[in-house]
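**Student:** What follows is each chain in one-letter form.
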Amino acid sequence: MKVSVNVNGRQVDRDIEDRTLLVHFLREDLNLTGTHVGCDTSGCGACTVLLNGNAVKSCTLLAAQVDGEKITTIEGLSNGELHPLQEGFKEEHGLQCGFCTPGMIMTSADLLSRNKQPNEQEIREALEGNFCRCTGYHNIVRAVKYAAEKMT
Amino acid sequence: MIPSNLTYKRASSIDDALALLKEYGDDARLLAGGHSLIPALKLRLNEYDYLIDISKIPELKSISEEQGHIVIGAGVTHGEIVNSSLLKDKLSFFPEAADLIGDVQVRNMGTIGGSVVHADPAADWPALLLAAEAVITIKGESGSRDVSAEDFFLGLFQTAVEDGEMLTSIKIPISANTKSKYQKFMQPASRFAIVGCAALLTIENGTCSKARIAYAGVSAKPFRDKKVEAALEGKAFNADQIASAASLAAEGVSIMSDHFASEAYRLQMTKVFTKRTLEAIL
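So the sequence lines, in the order shown, correspond to chains A and R. Using this note's numbering, you'd call the opening residue of the first sequence number 1 and step up by one each time. Using this note's numbering, you'd call the opening residue of the second sequence number 153 and step up by one each time.
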């Protein structure tokens with residue numbers, strides 16, 4: 001089937017198998033490999049992208065479902081310079097191996113779009129669907145706080 | 153993991169979805185948020201030749217108040233329920249419960265209608281629909297019919313929705329002087345209910361005149377516990393009455409047992425969470 005999706009501000013038209021998952025569409029058809037496949041079972045959040053601004057798990061959506069919609073991946077979060085969230089993860093040591101980081105950042109971007117100054121509890125609750133197997137959660141929370149402060 | 157081969161169809165209206173269902177019959181499945189269906193397709197637990205996407209149908213997307221009722225469209229997401237000021241005001245245990253489902257990403261996609269027709273025994277909504285005495289509207293080729301929540305849930309993954317039909321909305325009566333609460337003992341990773349207790353009480357001058365108490369996760373089929381309700385109705389609503397009503401919870405019910413919780417532990421947690429839910433109302 002033909003799909004037409006706005007990915008990171010660019011209109012993309014592709015002919016895909018109907019069963020293609022969004023995460024594979026992004027990684028394999030568009031070479032946007034910043035979005036990771038982690039658990040592949042809707043648990044870990046490594047594949048999180050924004051669908052019309054809302055965080056979703058791209059391993060649990062068909063690319064067909066987002067035909068005509070707007071997708072933002074980690075690659076489209078900012079133009080050239082680091083986004084405050086990316087900068088926060090760097091400054092606050094919010095990543096160790098880095099595998100979960102794109103998903104953590106995209107879910108945090110959804111949070112900060114709805115809540116400009118989240119407290120620690122709100123950040124932790126918002127990131128419930130994102131697992132860091134290095135268990136670096138404390139610094140991830142600090143990184144989100146850093147970004148929230150920078151963005152005000 | 154990738155689903156087996158399928159053809160994706162997007163329905164533009166309820167009638168369009170019903171026409172596609174009629175055309176493809178058993179080979180088709182409705183797709184809403186897809187957060188139960190797509191994992192099952194990826195694991196090849198289910199295979200369908202056709203998926204009919206109903207998530208873009210505007211008629212299924214609204215939450216409204218009509219003549220003493222709240223009407224929630226089947227395609228409303230858990231996240232939209234969390235943020236609905238109408239529901240926070242009129243039916244507060246709905247947004248509370250929605251906020252306990254999965255995580256932010258799951259709530260942004262999963263729909264109330266999808267969860268209700270899936271009828272997973274550990275899903276939260278069935279308990280709330282029973283406690284709220286919801287009426288579920290199902291549409292088929294020959295028109296709409298209303299089914300009470302009590303008659304809707306038939307058993308494990310089984311509901312009153314027949315082949316060729318779809319759930320379109322959920323209607324909940326609103327009355328004065330009610331207080332509601334939902335609390336659950338959840339599986340820590342999936343956040344599915346091991347025990348979920350939904351309570352909707354009418355309290356007038358310190359007396360409970362009407363109680364509706366229902367459970368998710370406890371039995372293969374969600375249920376109202378009429379013995380607990382009877383132990384509360386017509387009596388002063390206080391800590392002693394709550395303790396004695398909660399001790400009756402889930403007696404005589406066939407209780408599930410799995411690697412998360414044995415039958416005896418689940419029964420005990422049902423009583424504990426009944427007490428906590430009612431105390432939260434007190």
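Honestly, I wouldn't trust all of these hints.
[As the list claims (entries may be wrong)] Distance condition first, Cα-Cα at most 20 Å in a straight line; then the derived EDC-like pairs of lysine to aspartate or glutamate:
{"no.": "1", "chain 1": "R", "residue 1": "194", "chain 2": "A", "residue 2": "125"}
{"no.": "2", "chain 1": "R", "residue 1": "194", "chain 2": "A", "residue 2": "28"}
{"no.": "3", "chain 1": "R", "residue 1": "240", "chain 2": "R", "residue 2": "205"}
{"no.": "4", "chain 1": "R", "residue 1": "208", "chain 2": "R", "residue 2": "248"}
{"no.": "5", "chain 1": "R", "residue 1": "161", "chain 2": "R", "residue 2": "218"}
{"no.": "6", "chain 1": "R", "residue 1": "387", "chain 2": "R", "residue 2": "410"}
{"no.": "7", "chain 1": "A", "residue 1": "70", "chain 2": "R", "residue 2": "205"}
{"no.": "8", "chain 1": "R", "residue 1": "323", "chain 2": "R", "residue 2": "392"}
{"no.": "9", "chain 1": "R", "residue 1": "323", "chain 2": "R", "residue 2": "298"}
{"no.": "10", "chain 1": "R", "residue 1": "379", "chain 2": "R", "residue 2": "303"}
{"no.": "11", "chain 1": "R", "residue 1": "161", "chain 2": "A", "residue 2": "81"}
{"no.": "12", "chain 1": "R", "residue 1": "373", "chain 2": "R", "residue 2": "302"}
{"no.": "13", "chain 1": "R", "residue 1": "213", "chain 2": "A", "residue 2": "18"}
{"no.": "14", "chain 1": "R", "residue 1": "194", "chain 2": "A", "residue 2": "18"}
{"no.": "15", "chain 1": "R", "residue 1": "194", "chain 2": "R", "residue 2": "168"}
{"no.": "16", "chain 1": "A", "residue 1": "90", "chain 2": "A", "residue 2": "67"}
{"no.": "17", "chain 1": "A", "residue 1": "90", "chain 2": "A", "residue 2": "149"}
{"no.": "18", "chain 1": "R", "residue 1": "174", "chain 2": "R", "residue 2": "356"}
{"no.": "19", "chain 1": "R", "residue 1": "240", "chain 2": "A", "residue 2": "122"}
{"no.": "20", "chain 1": "R", "residue 1": "208", "chain 2": "A", "residue 2": "149"}
{"no.": "21", "chain 1": "R", "residue 1": "161", "chain 2": "A", "residue 2": "125"}
{"no.": "22", "chain 1": "R", "residue 1": "161", "chain 2": "A", "residue 2": "69"}
{"no.": "23", "chain 1": "A", "residue 1": "2", "chain 2": "R", "residue 2": "248"}
{"no.": "24", "chain 1": "A", "residue 1": "70", "chain 2": "A", "residue 2": "149"}
{"no.": "25", "chain 1": "R", "residue 1": "378", "chain 2": "R", "residue 2": "314"}
{"no.": "26", "chain 1": "R", "residue 1": "242", "chain 2": "R", "residue 2": "356"}
{"no.": "27", "chain 1": "R", "residue 1": "161", "chain 2": "A", "residue 2": "40"}
{"no.": "28", "chain 1": "A", "residue 1": "70", "chain 2": "A", "residue 2": "92"}
{"no.": "29", "chain 1": "R", "residue 1": "427", "chain 2": "R", "residue 2": "248"}
{"no.": "30", "chain 1": "R", "residue 1": "208", "chain 2": "A", "residue 2": "69"}
{"no.": "31", "chain 1": "R", "residue 1": "161", "chain 2": "R", "residue 2": "175"}
{"no.": "32", "chain 1": "R", "residue 1": "194", "chain 2": "A", "residue 2": "149"}
{"no.": "33", "chain 1": "R", "residue 1": "161", "chain 2": "A", "residue 2": "18"}
{"no.": "34", "chain 1": "R", "residue 1": "323", "chain 2": "R", "residue 2": "201"}
{"no.": "35", "chain 1": "R", "residue 1": "242", "chain 2": "R", "residue 2": "175"}
{"no.": "36", "chain 1": "R", "residue 1": "208", "chain 2": "A", "residue 2": "128"}
{"no.": "37", "chain 1": "R", "residue 1": "174", "chain 2": "R", "residue 2": "205"}
{"no.": "38", "chain 1": "R", "residue 1": "161", "chain 2": "A", "residue 2": "17"}
{"no.": "39", "chain 1": "A", "residue 1": "2", "chain 2": "R", "residue 2": "201"}
{"no.": "40", "chain 1": "R", "residue 1": "213", "chain 2": "A", "residue 2": "67"}
These aren't lab readings, by the way, just hints derived from the structure by calculation.
**Student:** If a hint holds in the structure, say so; if it does not, say that too.
**Tutor:** So, going through the hints one by one against the coordinates:
1. 194(R) - 125(A): Outside the cut-off at roughly 28 Å; violated.
2. 194(R) - 28(A): holds, 18 Å
3. 240(R) - 205(R): violated, 29 Å
4. 208(R) - 248(R): violated, 25 Å
5. 161(R) - 218(R): Roughly 32 Å separates the two Cα atoms, so the pair is violated.
6. 387(R) - 410(R): Roughly 37 Å between the alpha carbons, so the hint for residue 387(R) and residue 410(R) is violated.
7. 70(A) - 205(R): holds, 18 Å
8. 323(R) - 392(R): violated, 34 Å
9. 323(R) - 298(R): holds, 9 Å
10. 379(R) - 303(R): This hinted pair holds, its Cα atoms lying about 19 Å apart.
11. 161(R) - 81(A): It is violated: about 40 Å lies between the C-alpha atoms, which goes past 20 Å.
12. 373(R) - 302(R): Cα-Cα ~11 Å, so holds.
13. 213(R) - 18(A): violated, 25 Å
14. 194(R) - 18(A): OK: residue 194(R) and residue 18(A) at ~13 Å, within 20 Å.
15. 194(R) - 168(R): violated, 27 Å
16. 90(A) - 67(A): violated, 34 Å
17. 90(A) - 149(A): holds, 15 Å
18. 174(R) - 356(R): This hinted pair is violated, its Cα atoms lying about 50 Å apart.
19. 240(R) - 122(A): Cα-Cα ~19 Å, so holds.
20. 208(R) - 149(A): Answer violated: residue 208(R) to residue 149(A) is near 37 Å, above 20 Å.
21. 161(R) - 125(A): Cα-Cα ~35 Å, so violated.
22. 161(R) - 69(A): It holds: about 16 Å lies between the C-alpha atoms, which stays within 20 Å.
23. 2(A) - 248(R): The given pair, whose Cα atoms are some 40 Å apart, is violated under the 20 Å limit.
24. 70(A) - 149(A): violated, 27 Å
25. 378(R) - 314(R): violated, 28 Å
26. 242(R) - 356(R): Between residue 242(R) and residue 356(R) the Cα gap is close to 17 Å, so the pair holds against 20 Å.
27. 161(R) - 40(A): violated, 24 Å
28. 70(A) - 92(A): Violated: residue 70(A) and residue 92(A) sit about 30 Å apart, past 20 Å.
29. 427(R) - 248(R): holds, 18 Å
30. 208(R) - 69(A): holds, 11 Å
31. 161(R) - 175(R): holds, 12 Å
32. 194(R) - 149(A): Between residue 194(R) and residue 149(A) the Cα gap is close to 40 Å, so the pair fails against 20 Å, i.e. violated.
33. 161(R) - 18(A): holds, 9 Å
34. 323(R) - 201(R): Outside the cut-off at roughly 32 Å; violated.
35. 242(R) - 175(R): violated, 40 Å
36. 208(R) - 128(A): violated, 27 Å
37. 174(R) - 205(R): holds, 15 Å
38. 161(R) - 17(A): At roughly 13 Å apart (the allowed maximum being 20 Å), residue 17(A) and residue 161(R) satisfy the hint.
39. 2(A) - 201(R): Cα-Cα ~18 Å, so holds.
40. 213(R) - 67(A): Holds: residue 213(R) and residue 67(A) sit about 18 Å apart, inside 20 Å.
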